[in-house]
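Engineer: Sequence lines, in order, name chains A, B and C.
FYI, in our numbering the residues of the first sequence are 344 to 702.
FYI, in our numbering the residues of the second sequence are 5 to 140.
FYI, in our numbering the residues of the third sequence are 292 to 419.
Since the hints were derived computationally from the structure, they do not count as laboratory data.
For glycine and all other residues, C-beta sits at the position ideal for the given N, C-alpha and C.
Misleading hints may appear alongside valid ones.
What the hints assert, rightly or not - No more than 27 Å apart at the CA atoms, straight line, and that leaves these computed lysine-lysine pairs for DSS-like:
| id | chain 1 | residue 1 | chain 2 | residue 2 |
| --- | --- | --- | --- | --- |
| 1 | A | 632 | B | 6 |
| 2 | A | 537 | C | 299 |
| 3 | B | 6 | A | 394 |
| 4 | A | 537 | A | 394 |
| 5 | B | 29 | A | 398 |
| 6 | B | 112 | A | 602 |
Unchecked claim - If you want the ones that stay clear, here's a sample from chain C, every Cβ over 12 Å from chain A, calculated:
| id | residue |
| --- | --- |
| 7 | 309 |
| 8 | 363 |
| 9 | 386 |
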Amino acid sequence: MSRQIVIPFGPQHPVLPEPLHLDLVMEDERVVDVIPSIGYVHRGLEKLVEKRDYKDFVFIAERICGICSFIHGMTYCHAVEGVMDLDVPPRAVYLRTVWSELSRLHSHLLWLGLLADSMGFESLFMQAWRLREHVLDDLESTTGNRVIQGACKVGGVRHDVSDQKLREIVDGLGQLEAGMQDLTNVFVHDDSVKHRLSDLGVLTEQQAWDLGAAGPVLRASGVANDIRQTGYAAYDELEFTPVVETAGDCYARTVVRAKELFTSVDLIRQAVDRIPEGPIDMKVTGNPKGEFYARSEQPRGEVVHYVKANGTKNLVRFRVRTPTFTNLPPLLAAMKGIELADVPVVVLSIDPCIGCAER
Amino acid sequence: MKREAQLIETIELGDLLPRVERQKKAGDRLVAISCAVVEGENEITYSFEDRAHRFLHLRIVVPPGATIPSVTPSYWGAFVYENEIHDLYGLTVTGMNVDFGGHFYATKVPYPFAAAASPKVTPAGKEAQEKECLDR
Amino acid sequence: MGVFTIAKTITRNLFSRPPTSRYPAEPAKRFDLTRGHLVFTPEGCRVCRVCMLRCPTQAIVVDREKRTWECDHFRCITCGNCVDLCPTDALHLEPAYRSPEAAHPAKEFHTIPVPPPKPEAGGEKAEA
């Protein structure tokens, strides 16, 4: 009965930090179909691997994304170390774990802030970013930079962190935890937040799994899938349980990320308690030959780095499958049937990172 | 530190759709479809994961410019990977549910990652790189 | 209950310092490890060119004949790879950031002096 119209959404939109364009097919106020288009920031980064030394490429791999940069660098190193069959010293493995969890903390706090911003809750946005600043300070004082840490290298890490500094970080996180408790209290229990997010953009468990959702989007739909369970880095020696929610709506995705903050703090504590003494890197000689798929859990979900090498110092192929790329089809499914005013919040609920997705 | 087992199985192009359908029936999730140019041939790898984190790869090898069938009838979300392979490698994918017709990525040159566009990586690559540095 | 909570928050906000720093008035926060900018000391350089060959962004150009070292600061990403690889201590990172540049090729240019004692005089005095 009603007439269909197409409303363009993005690539410039107040809620989008990065260019994603969606053509929303509307019937009155309701979205009936969505056609995405990306390609505004495709850099062809994967091709560059043919011109750079595989050891130097870690700096470029890290710059795929500005938020989850450390984990990109680490996964690239895992892939190259997998090809070359290197056993990285345990202290380096633990330091990588600590930095990954700090990255997750800062990314989740950033996202919670952006979510609050997308629903017009400005003061909550400021509170989330105020806490994030402490995590960034920890990262900068141990690695040398706030977001592009540059701390990983093939065969280890570039900087050691003294045990005293690690203790200080853990003590600081104790105080931060109280602040995060106050913050997540608002996200989880506040009526206006709940009202805005509940029953919005629902993905059932079957839909999320079949469409290839990853990370918090998948866990919010009731699948206990966390790549950290595969035991890369030091996660096989640390204890944690994946955070799972069953509702599959925007509220569930928020709750998953809010609770993961505390999992991360707990993992950092365990890692600092168990970190062994010893060297932080090893000498890497020769060139890789072979191929390897490495996976890690990023704040946004599972990332896959594939490396193929032929025995020269330049790799043949480097391929990254980022979480946002695989979360696009679930997003389209989640958007069917929602109202136009809800589109920004639902788009944000998958934590889109288009720079990652297009590389 | 654990490393995941690399279970890579090379299959024929004709077996692709039945094998993918079998993975779907077994309840696996499509993790990624990747393409690589190796010695002039395109290696397309379909990666799956089951609920117990078993990571499995099925690989087909096709010549440049080949036509491959779409796996979107089994996995609805696979269209993003298949459009990407079309835009970057110049392979034709038939039967996609959402076909962008080559407008998924905006690239300066058509099919930038295709076999023909790849520069030769030789042991003398170092010399070339040095020269490139100096010429710039 | 709510009244007490809000009263506590108001009092805390009135008497606590802001979480932000008063940046131009007080110096920006920096740490020892902060990768601010790259510093080149020509006296230590042996012209081995490893910094040029291994730079991920090809920001550094070293000329062996003319004994020059130059770095385009718009290309440099301050990753510190060259600092790690430099066999002598000719390169290091300072925590302070560079001041902004307006003109495009923001090139820093150095002439590397010929080390005086060891190699018997090669003849050409490296002068720009």
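Engineer: The structure should be examined with respect to each hint, and the outcome stated for every one.
Structural biologist: Hints versus structure:
For the hint pairing residue 632 (chain A) with residue 6 (chain B), the CA-to-CA distance comes to about 20 Å; that is within 27 Å, so the pair holds. A threshold of 27 Å between alpha carbons decides the hint, and for residue 537 (chain A) with residue 299 (chain C) the separation of about 25 Å falls inside it, so the pair holds. Distance restraint check for residue 6 (chain B) and residue 394 (chain A): the Cα-Cα separation of roughly 30 Å exceeds the 27 Å cut-off, and the hinted pair is therefore not satisfied. With a C-alpha separation of about 50 Å, the suggested pair residue 537 (chain A) and residue 394 (chain A) falls outside the 27 Å cut-off, and the hint is violated.
This hinted pair does not check out: residue 29 (chain B) and residue 398 (chain A) have alpha carbons roughly 41 Å apart, beyond 27 Å. Of the pairs offered as hints, the one joining residue 112 (chain B) and residue 602 (chain A) is violated, with about 43 Å between alpha carbons and a cut-off of 27 Å exceeded. Consistency note on residue 309 (chain C): stated as away from chain A, yet its beta-carbon is not over 12 Å from all of that chain's, at 10 Å minimum. In this structure residue 363 (chain C) is separated from chain A by more than 12 Å, as the shortest Cβ-Cβ distance comes to about 16 Å.
At roughly 9 Å, the least C-beta separation between residue 386 (chain C) and chain A is not larger than 12 Å, which violates its mark as non-interface.
Checked against the numbered hints given earlier, this structure breaks hints 3, 4, 5, 6, 7 and 9; the rest are met.
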